[in-house]
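Undergrad: As a plain string of letters, each chain reads:
2 protein chains.
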Amino acid sequence: MKTVILALLSFSLFVMPGLSQPDTGAMVNRIFKEALTHQVAFENLRGLTGKCPGRISGTPAAAAAVEYTRQLLEALNPDTVWLQVVEVPHWIRGRQEKGMILSAKFGQMKVPVTALGTTPGTGPEGISAPVIEVSSPDEIRELGKTKIEGKIVFFNRPMDPELFNTFAAYGRAAGQRTRGPAIAARYGAVAAVVRSLTTRLDDIPHTGVSHFDEMEKKIPAVAVSTLGAEKLHRILRNDPDTRFYMFTGCRNAAPVKSFNVVGEIRGTTFPEQIITVGGHLDAWDTGEGAHDDGAGCVQAIEMIRIFRKLGIRPKHTIRAVMFMDEEIAQSGGKVYAAEALRKGEKHVLAMESDRGGFLPRGFGIGASDPELFSQFMSLKPYFSPWGINEFARGGGGTDIGPLRQQGTILISLVPDPQRYFDVHHSAADVFEAVNPRELELGAAAITSLIWLADQMDFSGQTK
Amino acid sequence: MKTVILALLSFSLFVMPGLSQPDTGAMVNRIFKEALTHQVAFENLRGLTGKCPGRISGTPAAAAAVEYTRQLLEALNPDTVWLQVVEVPHWIRGRQEKGMILSAKFGQMKVPVTALGTTPGTGPEGISAPVIEVSSPDEIRELGKTKIEGKIVFFNRPMDPELFNTFAAYGRAAGQRTRGPAIAARYGAVAAVVRSLTTRLDDIPHTGVSHFDEMEKKIPAVAVSTLGAEKLHRILRNDPDTRFYMFTGCRNAAPVKSFNVVGEIRGTTFPEQIITVGGHLDAWDTGEGAHDDGAGCVQAIEMIRIFRKLGIRPKHTIRAVMFMDEEIAQSGGKVYAAEALRKGEKHVLAMESDRGGFLPRGFGIGASDPELFSQFMSLKPYFSPWGINEFARGGGGTDIGPLRQQGTILISLVPDPQRYFDVHHSAADVFEAVNPRELELGAAAITSLIWLADQMDFSGQTK
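First to last, the sequence lines map onto chains A and B.
Heads up: the first sequence is residues 166 to 628, going by the numbering used here.
Heads up: the second sequence is residues 166 to 628, going by the numbering used here.
There may be inaccurate statements among the hints.
Identical copies carry no separate label here, and so any pair may be met within one copy or between two of them.
Stated by the list, open to error - Only pairs whose alpha carbons sit at most 30 Å apart, straight line, appear in this in silico DSS-like list of lysine-lysine: (1) 275 / 508; (2) 511 / 275; (3) 310 / 508; (4) 396 / 216; (5) 382 / 474; (6) 263 / 383; (7) 474 / 396; (8) 396 / 198; (9) 508 / 382; (10) 312 / 383; (11) 310 / 422; (12) 263 / 474; (13) 511 / 396; (14) 383 / 480; (15) 198 / 270; (16) 312 / 474; (17) 382 / 198; (18) 270 / 511; (19) 545 / 263; (20) 396 / 480; (21) 422 / 474.
Worth flagging that the hints you see were computed from the coordinates, not collected in a lab.
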């Protein structure tokens, strides 16, 4: 049989009310061309990374980033720009860390380390102790207190290079950093060394937060570069009596008053229905926070710029939000959602860009209403000419996540994931690692999706 | 009406004879995982770029690249490795170029320039002359001899940043470099300055070949960086009497004997039917030729390695070919096709990778036989899990192009084009600009497509 008969659901391409499908496509193309030609997001990222590197929440650099992006938004003259107060934790890295393998058999070898966020310092003398290598927090439980007590626990699980989606590989291995030190502490470990979460073999350590519950004992912990981890692994195998020496000068200070930065264009038809687009303003101090998440911030600002430049008056209220403190306590996202609830705001849609300023591949769409979901899916043909083809269920993000329980549709920009963990939380996350065309394609993708979504009817969807 | 009835051609997924569709998919996945885990192509590229930078055809560095890749292939122990003699042009860059804007009004300003391939040198004194700016070779014809004679012609057409496909933008602007100087010479110009072919605004000049027919007068010509071009444009607008000074020390020497490098695994069932996979070995000396086209070379070698590693005995004869002299006279590709014809070889399929070692998006498929074309199109589901979704008509390339008239199916690997012209023919085309995962995904895509194609029946297709 050479032909088959298929019954398909009718597929109608979403079009702007009052506009033909070609006109709708033409508008999307104008948005992309505006971003690619003028590359303003890229220039804003140069400014943000150049003027405000090291903007961990609570630091003066974070305050500078608040003021810098507030001014960028003000200059675009939207209807309102304001700061939303957020109390944030304040972890201070202090003096440059040291890490050293001490083997009676092979000698002393320095390895590159960086302290993990929220961990305490080692004290001026540092810590030296025997090392026990594990591949997961679970293994600690199996080994028990007798094997762990008084030791430095070395978590050495590599990220799986076989997975196309590096975020999935990160997800599987990240527990050793986020919870490993706390669990090691519970079993009497004096400190922890964690293999950096990257598939690259290099000398660059990757930091990140390590969570301790309020009542949990905190111990010093560092990330070691992947080559450093490989070295420690080899030395340990050949000399089980190997010790590790580490110094960290970090400490947790009192919480600090900080801000989310919000720029808003008021909607003409449904001003009370709010669409939020955001990234996070804070970043680890090891690099410049270019991909994580300067990119998401300048893309959100670029959306406001392109709306203004092309004279688009949205029907719904559109906000660009720079969330503060995604990296440590996620307080910016929590405050934003709590304030929305307190004020009775209707948040119909929120989009987050926090996977780097890389080539956009598609969107993760978290609309539970089947009609709205299929409307979003039907937008795909407008994006295909720009290489954006992957529309899938999903959607969310650390900062917009708290809005979910208010019935908000959550959408994520999904860039290609191959290069993200080369730079993530490390000294490699600098402006030069960002390609202007990839960043701007992402900004244009966000702007186009929001422009299209602004034509939709969300009245049945909000709680 | 909520449903429509569509009649579709039946779509049957291609499967390995004797293997189920899941098993076929599993084999493709094994190929991808092998490439991503061991990253041998990436390490080979480190070697090629580190040991053989500046490998313009005819140079000692090009000879080193021949020997380096021959040894890489030999170490994989395929059935045969051999060198195919190619006579290549030998253009020598000589001393570092100089470029300077000379304005009585604004002073003297150095700008970064690089000589274009095949152009003659300026002589030791250099050339200084008034400048006339044009946006295309056609404009020279309009201006005529009186406006051009004795001048340095400044071609200042930017690459269009609005196009998603940067190769299309390159194609539109490249004539000013490939033919501009020859046409300027015809109208009496003494030299030419060409705006670098990139959408980046920076200080890095991008070289490339400039063609002169045998009887055409040759004049010195340089590429100027895009920022240099912008500067020259502004100065000229405000001081039309501006002159330009340039020095180039290049010259054309006698042709040199060089080689294509070929590694072959003999087919078990159709040994006389040949499948070729290649990239080009020569590269401009401004950078290391990492993306252009070290990437294509090591990807072809990676295919041989993965076939050997996984114990795949192909039915057809499979060759990895490093073509020599793609950049200047394309002699390697011409010789390869001519030798195939002379020996009566049946080349059923040829694939080229010469668009950089970037994220693979898909393939351009040049199969005129509709049955074979649809077989190739039906392979797409095997590649989707690896982010490779764009299967389209097309296919070809400078090196495999001459095989077309022998009825060979031509296929191109199509990587994402956003970053290619950031580095193309410039000092930015270095090993560090290549991401190992992107490079290996490309190698795995090639290897998988060739493994799948090897199961097809080409007997009706060859002339």
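Undergrad: Now look at each hint and say whether the structure bears it out.
TA: Status of the hints after comparison with the structure:
1. Proximity of residue 275 and residue 508 under a CA criterion of 30 Å is satisfied in neither setting, with 54 Å inside one chain copy and 60 Å between copies.
2. Taking the shortest alpha-carbon separations for residue 511 and residue 275, neither the intra-copy value of 55 Å nor the inter-copy value of 58 Å comes in at or below 30 Å.
3. In this homomeric assembly, residue 310 and residue 508 never come within 30 Å of each other (Cα to Cα): the closest approach is 50 Å inside a single copy and 74 Å across copies.
4. Taking CA atoms no more than 30 Å apart as the test, residue 396 paired with residue 216 passes between copies only; the shortest distance there is 27 Å, against 36 Å inside one copy.
5. Taking the closest pair of Cα atoms, residue 382 and residue 474 never come within 30 Å of each other, the shortest separation being 53 Å inside a single copy and 49 Å across copies.
6. In this assembly of identical chains, the alpha carbons of residue 263 and residue 383 lie at most 30 Å apart only when taken from the same copy (19 Å versus 61 Å across copies).
7. Taking the closest pair of Cα atoms, residue 474 and residue 396 come within 30 Å of each other only across two copies (27 Å); inside a single copy the shortest separation is 54 Å, beyond that limit.
8. For a Cα distance limit of 30 Å, the shortest separation of residue 396 from residue 198 across copies, 24 Å, qualifies, whereas the shortest one inside one copy, 49 Å, does not.
9. Taking the closest pair of Cα atoms, residue 508 and residue 382 never come within 30 Å of each other, the shortest separation being 38 Å inside a single copy and 77 Å across copies.
10. For a Cα distance limit of 30 Å, the shortest separation of residue 312 from residue 383 inside one copy, 19 Å, qualifies, whereas the shortest one across copies, 78 Å, does not.
11. For the homomeric pair residue 310 and residue 422, neither the shortest alpha-carbon distance inside one copy (40 Å) nor that between copies (71 Å) is at most 30 Å.
12. With identical chains, the CA atoms of residue 263 and residue 474 are never at most 30 Å apart, being 50 Å at best within one copy and 41 Å at best between copies.
13. With identical chains, the CA atoms of residue 511 and residue 396 are never at most 30 Å apart, being 54 Å at best within one copy and 51 Å at best between copies.
14. For a Cα distance limit of 30 Å, the shortest separation of residue 383 from residue 480 qualifies neither inside one copy, at 50 Å, nor across copies, at 62 Å.
15. Within a single copy, residue 198 and residue 270 get their C-alpha atoms no closer than 62 Å, and across copies no closer than 37 Å, so neither meets the 30 Å cut-off.
16. Within a single copy, residue 312 and residue 474 get their C-alpha atoms no closer than 64 Å, and across copies no closer than 41 Å, so neither meets the 30 Å cut-off.
17. Taking the closest pair of Cα atoms, residue 382 and residue 198 never come within 30 Å of each other, the shortest separation being 54 Å inside a single copy and 41 Å across copies.
18. Proximity of residue 270 to residue 511 under the C-alpha cut-off of 30 Å is found in neither arrangement, the shortest distances being 66 Å within a copy and 62 Å between copies.
19. Taking the shortest Cα distances, residue 545 and residue 263 never come within 30 Å of each other, neither inside one copy (50 Å) nor across copies (50 Å).
20. In the homo-oligomer, the alpha carbons of residue 396 and residue 480 never lie at most 30 Å apart, since the shortest distance is 58 Å inside one protomer and 44 Å across protomers.
21. Proximity of residue 422 to residue 474 under the C-alpha cut-off of 30 Å is found in neither arrangement, the shortest distances being 34 Å within a copy and 59 Å between copies.
In summary, the numbered hints that this structure violates are 1, 2, 3, 5, 9, 11, 12, 13, 14, 15, 16, 17, 18, 19, 20 and 21.
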